[in-house]
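One line per chain: the protein sequences are B and A, in this order.
Sequential numbering of the first sequence, starting at 4, is according to my numbering.
Sequential numbering of the second sequence, starting at 11, is according to my numbering.
Because the hints were derived from the structure by calculation, they are not lab data.
Since this is a predicted model, take the numbers as computed values, not measurements.
For each residue, glycine too, the CB sits at the ideal point set by N, CA and C.
One or more hints might be untrue.
As the list claims (entries may be wrong) - In silico negatives: residues of chain A with every beta carbon more than 10 Å from chain B:
(1) F62
(2) N98
(3) A168
(4) A232
Said to hold, decoys possible - These stretches of chain B come out as covered by chain A in the derived footprint (C-beta under 8 Å, 3 or more residues):
(5) 167-181
(6) 332-339
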Amino acid sequence: MSVTTFEALGGRVALQLPVKAVTVAVVMAVTIAVVLLWSLMTGSYELSPPDVWATLMGDAPSETAETVVWEFRFPRTLVAFMVGAFLALSGAALQYVTRNPLADPSLVGVSQGAALVVVSVTILAPGFGYYWRPILAFGGSLIVAAVILWIASSRRGGETLRFILTGVGVASLISSFTSALLTYGDIDRALTALGWLAGSVHAAGWDEVTWLAVTALIAIPILIGASRPLSAIRFGEEVATSLGIRVVAARWCLVGLAVGLAAVAVAAVGPLGFVGLVAPHVARRLAHSGVGMHMVLTALTGSLMVGLADFAGRAAFAPIQIPAGIFTAIIGVPVFVILILRTQARSQL
Amino acid sequence: MNAKRTLFTATGLWVSLGAVALAFMWHISVGAKAIPLEIVWQALVSPEEGVFDHVVVRDLRMPRAIFAISVGAALAVAGALMQGVTRNPLAEPAILGLMAGATFAVIIGIGWFQLAGTAYVPLFAAIGALGGGILVFTIAGAAPGGATPLTLILAGAAVGGFLYAIEHAAILLNEDAFRDFRVWLSGSLSGRDMETYLWALPWFGGGLIAALVIARQVTALAMGEETAAGLGVDTVKIKAVALVSVVALTAAAVSIAGPLGFVGLVIPHVVRLFVGSDYRLIVPFSAIVGAGYVLVVDIAARVVLAPIEISTGIVTTMLGAPVFIWLVRARL
Numbered sequence: 004m005s006v007t008t009f010e011a012l013g014g015r016v017a018l019q020l021p022v023k024a025v026t027v028a029v030v031m032a033v034t035i036a037v038v039l040l041w042s043l044m045t046g047s048y049e050l051s052p053p054d055v056w057a058t059l060m061g062d063a064p065s066e067t068a069e070t071v072v073w074e075f076r077f078p079r080t081l082v083a084f085m086v087g088a089f090l091a092l093s094g095a096a097l098q099y100v101t102r103n104p105l106a107d108p109s110l111v112g113v114s115q116g117a118a119l120v121v122v123s124v125t126i127l128a129p130g131f132g133y134y135w136r137p138i139l140a141f142g143g144s145l146i147v148a149a150v151i152l153w154i155a156s157s158r159r160g161g162e163t164l165r166f167i168l169t170g171v172g173v174a175s176l177i178s179s180f181t182s183a184l185l186t187y188g189d190i191d192r193a194l195t196a197l198g199w200l201a202g203s204v205h206a207a208g209w210d211e212v213t214w215l216a217v218t219a220l221i222a223i224p225i226l227i228g229a230s231r232p233l234s235a236i237r238f239g240e241e242v243a244t245s246l247g248i249r250v251v252a253a254r255w256c257l258v259g260l261a262v263g264l265a266a267v268a269v270a271a272v273g274p275l276g277f278v279g280l281v282a283p284h285v286a287r288r289l290a291h292s293g294v295g296m297h298m299v300l301t302a303l304t305g306s307l308m309v310g311l312a313d314f315a316g317r318a319a320f321a322p323i324q325i326p327a328g329i330f331t332a333i334i335g336v337p338v339f340v341i342l343i344l345r346t347q348a349r350s351q352l
Numbered sequence: 011m012n013a014k015r016t017l018f019t020a021t022g023l024w025v026s027l028g029a030v031a032l033a034f035m036w037h038i039s040v041g042a043k044a045i046p047l048e049i050v051w052q053a054l055v056s057p058e059e060g061v062f063d064h065v066v067v068r069d070l071r072m073p074r075a076i077f078a079i080s081v082g083a084a085l086a087v088a089g090a091l092m093q094g095v096t097r098n099p100l101a102e103p104a105i106l107g108l109m110a111g112a113t114f115a116v117i118i119g120i121g122w123f124q125l126a127g128t129a130y131v132p133l134f135a136a137i138g139a140l141g142g143g144i145l146v147f148t149i150a151g152a153a154p155g156g157a158t159p160l161t162l163i164l165a166g167a168a169v170g171g172f173l174y175a176i177e178h179a180a181i182l183l184n185e186d187a188f189r190d191f192r193v194w195l196s197g198s199l200s201g202r203d204m205e206t207y208l209w210a211l212p213w214f215g216g217g218l219i220a221a222l223v224i225a226r227q228v229t230a231l232a233m234g235e236e237t238a239a240g241l242g243v244d245t246v247k248i249k250a251v252a253l254v255s256v257v258a259l260t261a262a263a264v265s266i267a268g269p270l271g272f273v274g275l276v277i278p279h280v281v282r283l284f285v286g287s288d289y290r291l292i293v294p295f296s297a298i299v300g301a302g303y304v305l306v307v308d309i310a311a312r313v314v315l316a317p318i319e320i321s322t323g324i325v326t327t328m329l330g331a332p333v334f335i336w337l338v339r340a341r342l
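Just chain B, with the same shape it has in the complex (with noise of 0.2 Å):
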C-alpha cells in the first residue's frame, strides 16, 4: 500500500493517505457521475447534455424534459446509486465481523426476510402506511438474522461456512413464504409485489430517496465510528479482545447496521442479489487500504454496479425493461464461484 504522509506544525497534525485508493476513489466517483449523466440522458425521450444540465440547473428546455428526468430518472438513478452502496456496505460489513468471504445479505436470507416482511404488507394489508416499509423491513431481516446466527454458531462459532449453508436454507425457506403468499394474494397486488421482488428500480421516486438518505444520515457516522473495531475483528476475536475491542458489543452492533442497510435498500427496490457479495472483493482488488477507505471504495463499486445494471437492463432490449436484479446476478455469479475457488474449505470449517 502506497501511504504518502502529510505533516503539518512540526508533526503536530498528521494524515495518512493512501494516495493508490485515493486516486481510485476519485477515478470512480467521476464515473459515477458520467454514469449518472448517461442515464439522465438515454430513454424513450432523448436528451443532449447542455438539455440535462440546464434541467438539473432549474432551467429546462421543455416541459417534457422537466418531467422526465426530475420525475422519472433522476430520483430513479439516484435510488440505484444509494441502493447499490446501502448492499454493498452490508456486504462488506457482514464479511467482516463473521469473517467469511462468502457473506452477502441476499445469500443469507437477510434480503428475503425483509422482502417476505414487505410483500405481506403489500398483499394483506395495502392500505398500511407507505413510510412503515423500511421499519418492518428491518425487522424482517433483524429476525432472520437472529436466527441466523443462532443456529449455526451453536455449535462450533459463528465464523464458519456453515453460517452460509444455514444461510442458504433459510433463505430458500423464506422465499417459499414469499411465493406462497403471492399465489395467495389478489392479482394485481401480486403482480406489483412480483417486479418488485425481482429487483426493479423502475418504479422508485423521490419517497425512496428520502428514506434511503435518511438512513444514510444515520449510518454513516456509525460505519465512521466502527472502522477501528472492524479493523481489529478481522484478526480474529482473540486480537481484537486483547487490543481493548468489546467484541460482543461491537459484533451485535455491526450486524445490526448491515441488516439495517439491506432491509432498507430491499425495502426500495426489492432483493437485489450478489451486490453485497462482490463490491467488497472487487473494492479490494481495486486498492489495497484500511477499513475505512475500503468502506468508500466498497459503496463507490456497488454504487457502479447497480447503476450500470439499472442502465443496462432499461436500455439493452427497451422498451422491455429487465429488472436491475437480474445483471448484478449474471455479473455475481462468476465472481461468486471464483470466490469459491479460492475459499480454503477447510479452514473454514
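Guided by the hints, dock chain A onto chain B, whose structure is given.
Then chain A, alone, in the frame of chain B:
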C-alpha cells in the same frame, strides 16, 4: 437377513404400499367437487360410461395423481442414489444444480425451439440436468479441499442463481411463449397433459430400473470407494450407471412438474431411519414413500387455501428447507 427382519420389511412394504394407494384415492377425491372415496374406488375398478363422477375421476383427476406418484418416486430415488454414491448427506438433484440445469434447458427449448408438449422436452431436460450437474461438480472439484458437501452446495447455489437470472430475463423478453409455464416454473403438477407424461414415461421407467439394478453395489459405494473396490465392485461403471439414472429421473420429473425442491433430500433420510443402510431397501422404499409424500403434499397444496392452489414446489420447499437446515447442523 434373519426372519424377524424379513417379516418387518415385508410388513413395512405392504403398509407403505397401502398408504400410497389410500393417498392416491384421497388425492382424487379432493377437489372443487368432493367425490366420496367409494365412488373413486368404483371409478378406478369398474368405470361406467356416462356416470359424470367417473369421467371426472378418470379423465380429469387421475392423471394428476399419477404425475404426483411418478415425480415423487423419481426424485426420491434420484436423491437416494446421489447421497449413496457421493457419500454426501446433503446431495439432491435440486441442491446440486441438476434441477436448475434441467429447468433452464426446458425454458430454452420452449422459448427458442417451440418444443412444448413434444418428445424433446425430456431430452432437453436430461441434457440440461447433465450439464448443470457437471458444472457444479467441476466447480466444487476445482475448489481447494475438493468436492466436499460444503463446496458442492455453494457451487450448486451459484449455478442455480445464475441460471435463474437468465431464465427470468428470457421469460421477460418472450412473455407470450411462457404464459403457460409461469406456474410450472415454481413446481406444479397442474396443467400438464397425458401426452407430455407419456413422453416422460420411458425416462421414469429406465431410471428406476437402473437404480434398482445397481442398488446392491451402491450400498458398497456408500461405505467408501476402497471398501467397494475391495468387495469387487466396478466403481467407475456403477457411478456411470448411477449418473445416467439420476439424470433420467430428474429430467422426467422436471419435464412434468418443474423444479420440486428438497423431495430428494428429505425422503431418503426418512427411509434410512426405518430400513437402515442397505440400498436394496432404500431405493424401493424411497420410491414408495416419495410417491406418497408428493401425493399428500399436492393434496395440502390444493386444500389449505382452497379454492386457491399453492404450487406444489412451494410446499415441498417449506417442508424440506427446515430438514436441510437441521442436516447442516447435525451432519456437517
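Evaluated hints:
Look at A/F62: its CB is around 29 Å from the nearest CB on chain B, clear of 10 Å, so calling it non-interface holds up. Remark: the non-interface label on A/N98 is consistent with the geometry, its nearest Cβ contact in chain B lying 12 Å away (cut-off 10 Å). Its closest Cβ contact with chain B, about 5 Å, brings A/A168 to no more than 10 Å, contrary to its assignment away from the interface. No beta-carbon of chain B comes within 10 Å of the beta-carbon of A/A232; the shortest separation is about 22 Å.
Given a C-beta distance limit of less than 8 Å, the hint that chain A covers the segment 167-181 of chain B holds, as 11 residues qualify and 3 suffice. Coverage of the segment 332-339 of chain B by chain A holds in this model, with 6 residues showing a Cβ closer than 8 Å to a Cβ of that chain against a need of three.
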